[in-house]
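Visitor: Residue strings, one per chain:
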Amino acid sequence: MSERESGGPGNVDPLLRPLIPGYLAARREDLAMLESALAEGAWLRIAGIGHRLAGSGGSYGFPHISKLGARLERAGEARDAAGARQAIQTLHQVVTQALAGG
Amino acid sequence: MSRPPHDRPFLVLVVDDDPSIGTLAAACLKRDGLDTVLAADARACERALARSLPDCVLLDLHLPDRSGLDVLRHIKHRHAHLPVIMLTADVAVQTVVAAMQMGAWDYLPKPFDRTKLRATVRNAITQHRLTLRVSQLEREATGGYGDMIAAAPGMERLFQQMERVANSDITVLIHGESGTGKELVARALHQASSRSTGAFVAINCAAVPETLAASELFGHEKGSFTGADQRRVGRLEQADGGTLLLDEIAELDLALQAKMLRALQERRFERVGGRHEIKSDFRLLAATHRQLEDEVRAGRFREDLFFRIAVFELEVPALRERGDDVLRLAQHFLPRTLRLAETTEALLCAYPWPGNVRELQNALEHASVIAAHGTVRPEDLPRRIRNHPDVGRVLQATGTAAATRRHQPADDSPAGHAAAAPAALRTLEQLERDAIAASLARTGGNLSEACRALGIGRTTLYRKLERYGIRRPSTEGDG
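Taken in order, these protein sequences are the chains called A and B.
Using our numbering, the first residue of the first sequence is number 1, and each one after it goes up by one.
Using our numbering, the first residue of the second sequence is number 103, and each one after it goes up by one.
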């Protein structure tokens, strides 16, 4: 995955720099909620979290998070467990990499 | 971006259940010097609109408690000119078209572009400011606000503030001495609001006996107390869809203040003796001649209620601070067949009007009953006004004190005046002398201003002062 996709430290808008750690920390909480929602089969919750991720990622310089959010929203609506699981795994990688990249 | 009137930063209300959107929008808009207030759902949005005056709203289409389109409809109904920018991850054409048809200023697809967000908000605020400016200029062209007649700078400031709050649901506390026209201000706010088709319900908390106040405000059920032989709808309920004015709110007793606080927070209450909750959607205006902060400190007024009602405060100036408005109002209150004598004008300007506009109106009603020959002379005004020390000085300066005393009726009644000698026609010289004396009194002895008012040159004024033996009142400077 490219640095651009994960939203690494490349050309980060100085306005965003102080906001990104908080944003990513909140995504970690989303990941925990997504995993428990998937375990419970709470599809609407998955779709809702996906919708929010789709709406916010790109604005914070993480377009890939927006794309994954859209995939999660679709998977939640279609009750697609495999699709949701794959999107959650990728999101996990993106968030971890972004946090490591600073 | 330049600051709005009163040096308050522009305010943007961001309504979105995702805190990361609010945080980012706030950071972006701060770059342009804009303040933000965040609301996570429709209820929080309504509360924010009752407590703040945003210049623009960023509204998410999907909210946890109501659809963004419902909230948009509500905002455009109550705050027609307030620009609303929809935020939506759903870019379905029909949704966007529906929002624009309902009056949305623009929409931004999510995730939003930060530069575009700033530009769109700036444009929306500029348009909002221009709309307010146009209504201000239209109002200035008519020389007043609603039924209020005024041109004094203090009143102009008041009108500008009223313009900011009129077309909103914000709670307003109106301060002002007794008789300054606080109810008129409240009525004008109601008339200029989207609630003008609803009722304007006013209750003077000082005029209602303590024992009846709860029933008056909240209503009562039949049989709830001795004498309650039928159900009564209270003022809060009557104001549903309109505006409620709680005049002299400081006079409300503490027990009722607690009940009122709950009713204002929830816009829900029960009638006295009732078991069912009544909902009423009213805009609250409150008025008082007291300093409510002092009442809070003295333990006579609940602090939480104070913060609930003192969201936006207006100060109505006392009449003595309004300069020539005294004469404008006096002409307004007089029948068209009557005019004010120059000395009467000087007198009206000199008197401090402790009872404010109400006292002026009463004085002129009194005078118009007894004035003869189409002119209101000083002796036609109530005695307490003529005998006031400030007025006495003016009358002495204009040389009419003796004449006033000569013609002073035994009492202020029309009959008493009729018994007095009718005023004789005066010569042009006498009129000129009075005019010069009156203009000096009104300008505090400022010769330049007196010349301008009289329409004569300074040399002419010197000559006439000498000729009539008029002495200038002492001044700090003569301009």
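Any given hint could be a false lead.
To be verified - Simulated crosslink set (EDC-like; lysine to aspartate or glutamate; CA at most 16 angstroms straight-line): (1) B:Lys218 <-> A:Glu40; (2) B:Lys566 <-> B:Glu531; (3) B:Lys132 <-> A:Asp13; (4) B:Lys132 <-> B:Asp167; (5) A:Lys67 <-> B:Glu395; (6) B:Lys381 <-> B:Glu339; (7) B:Lys566 <-> B:Asp536.
Stated by the list, open to error - Partial list, derived from the structure: chain A residues whose beta carbon lies under 7 angstroms from chain B: (8) Tyr23; (9) Arg52; (10) Ser56; (11) Ser66.
Simulated from the structure, these hints should not be mistaken for lab results.
Ideal Cβ placement from N, Cα and C applies to all residues, glycine included.
Visitor: Please write out, lowest number first, the hints stated earlier that are contradicted by the structure.
Guide: 1, 4, 5
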